[in-house]
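As given, the protein sequences belong to chains A and B, one line each in that order.
With the working numbering applied, the first sequence covers 1 to 504.
With the working numbering applied, the second sequence covers 1 to 153.
Calculated directly from the structure, the hints in this document are not laboratory data.
There could be a bad hint or two in this list.
[Said to hold, decoys possible] Keeping only pairs whose Cα atoms sit at most 20 angstroms apart, straight-line, the calculated EDC-like set for lysine to aspartate or glutamate is:
#	chain 1	residue 1	chain 2	residue 2
1	A	LYS389	B	GLU149
2	B	LYS8	A	ASP430
3	B	LYS7	A	GLU199
4	B	LYS7	A	ASP430
5	A	LYS389	B	GLU61
Here are the chains, one letter per residue:
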Amino acid sequence: MVDLNLLYHGFGTVLSGYNLIALVLGSFFGIIIGAIPGLTATMGIALLIPFTFGMTPITGIVMLLGIYTGAIYGGGIASILINTPGTPAAAASCFDGYPMAKKGLAGKAIGIATISSGIGGTFTALCLAFFAPILANFALRFSAPEYFALATFGLSVTITLSGRSPVKGVISGLMGLLIAMIGLDPIGGFQRFTFGLTEMSGGISFVPMLIGLFALSEGFHQVEVILSAPRISAKLNNILPTFQDIKSCIPAYLRACPIGLIVGITPAIGADTAAFLSYAETKRASKHPETFGTGEPAGVAAAQCGENASTGGDVLPMITLGIPGDACTAVLMGALTIHNLQPGPMLFQNHADTVHQIFAGMISANIVFVILGLLFARFFAKVINIDRKFLVPLIFIACMVGSYAINNVLFDLITCVIFGMIGYIMLRFDFPVAPMVLAQILGSMMESNFRRSLSMSQGDFLIFFTRPITVIILALAVFTTIVSVRRQNQALKQEAEQMAKLGI
Amino acid sequence: MPPISMKKVDIIVSLLVIPICLYVFYESARWPVIAGTGNATWVPRGDAVCLLAAAFLLFVEALRGRSLTIPSRLAGADRSRVLWIAVLTGAYTITMEYLGFIATGVPYMFGFAFVLGERRWVRLILFAVGVPIATYILFRTALHVPLPEGWFI
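One chain only, chain A, in its complex shape:
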């Protein structure tokens, strides 16, 4: 169970001195990153990890949590004002947000979006604080075979659910798995796939790779398209919603909060799915579904609430089991590791105070972005018009500095640039990047626990089929893989049929 005393002290730590400043700055930058179409929460966290190197672990983590929650919320601002989602997760907010803006209710839409995101985010952060210790306590019973099964489950689901083509997802994930094997063998200690380079004997540096794949690749993509987002003409008035506005959205919150949480916990699907499901469910249950899509405040509330309600669910398996559910939490996990905090059940044993500070940080971050969002709505709206000719070079130099600053070696910089190019090519040709990164984390976990399991059983493979938890998780992995591959194939067939109908 959550230790209320530790949580209380966690709030004390998070809301004092530098930590509070870091939280506010993180949320502020997060909203800016989210509001600019083309920049994602994952990219924001990857870019700003280097800024946390000189900070204490909790200051750095709190800042990154601020960026994470702020960016997820901020995506809705562009959706409402220019009908272009700031982040992929905010696409559902376009349906009713933009029609509201066209009716001259842009301020009201942003106000409802802000409060709704705050409600969803705070709910999920409270759930995280409540459920994480229980799950971590249960996970203490896990041994190598269970961790192997968990990593296999996470990998299989992530690989098959990412992108438009399951085969491309599989190739991306398996390549990531191979990259994870570069360096020393986890049991034997001999070098593998290093090509004689001493720089690679410790494996590929994770953070430069992350920055390259998520930030630099997106930078190259922006160079190619030089997004010309439409300029904002809407005037923002009456941003603070009335009590009646919020009261009318309560049914949407009651649906979106649990949907977001459950979707967040499920590996490989995150804020975007949560927002769409919440929107669809609220529309289905509404007495006037025909008003949805024409500027219905409950539509904005459901999408934004569901989107932010997924954040705590995403963090839950990462912090308790060391298994990131999506790309964003994979980057957060990398940041925790850099600050010598290895996510997993032992984190709750060895750093219970820090874990509760993280919970307090997550709850506070969701309140801070609401305050900032309401206070600076007009400023964040103007940020969307930022000149890309200056923004993109800034992203590049931040990537370079970030990659170099970790170990102060040129090799990390080269790693970042190479993975940046690889990531760009992958983005361009529809190879999902997330499986490659998740395979980096889960691959090494899978391999080392596979080998440890065999050591435990003297080389007998039956160890994976005689432990109930392992069998259940492995069966789930097989089941979800088959189901998701079939579903994606059906979707592809439908897409092909539609194109054929259109004569393309």
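Here the structure of chain A is known, so what remains is to put chain B in place on it, guided by the hints.
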């Protein structure tokens, strides 16, 4: 503009996978075998076999004309800009440690914004000079993160 198929790319990728997988088999053949811990080659070789199978599927799908299409927003995009930026970034990466962060950062930022189409010279120069200096000061003094100094700064 009609959608452009990724058929060629899919075929190239599936063919590129073959030498990678062959190398996995070649190198893993030289690894020592440690008794009782499971063969160290199982996971990488298993991965390589799965990768080959996935590449084969991609190849077959491409030949059957079932490749995905390039998103419409990218169909007419200017790739020469990407090439220029890649060259600039490569040059910057290699020279930064020798020449210093600011000495390389100024021409890099100038060239970058220029390639992206910025032609307002005063803004361009202010941006190119200001960003590396501000970044250097922020990281060195405020965040205590060292940056390369090289022959200059």
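*Are LYS8 (chain B) and ASP430 (chain A) close enough, with their CA atoms no more than 20 angstroms apart?*
Holds, at about 13 angstroms.
*Would you mind confirming whether the straight-line C-alpha gap from LYS7 (chain B) to GLU199 (chain A) stays at or under 20 angstroms?*
37 angstroms, violated
*Does the structure keep LYS389 (chain A) and GLU149 (chain B) at a Cα separation of 20 angstroms or less?*
The given pair, whose Cα atoms are some 27 angstroms apart, is violated under the 20 angstroms limit.
*Verify the proposed pairing of LYS7 (chain B) with ASP430 (chain A), using a straight-line Cα cut of 20 angstroms.*
12 angstroms, holds
*Restraint status (C-alpha distance of LYS389 (chain A) to GLU61 (chain B) at most 20 angstroms)*: 39 angstroms, violated
The structure fails to meet hints 1, 3, 5 from the earlier list, while all remaining hints are met.
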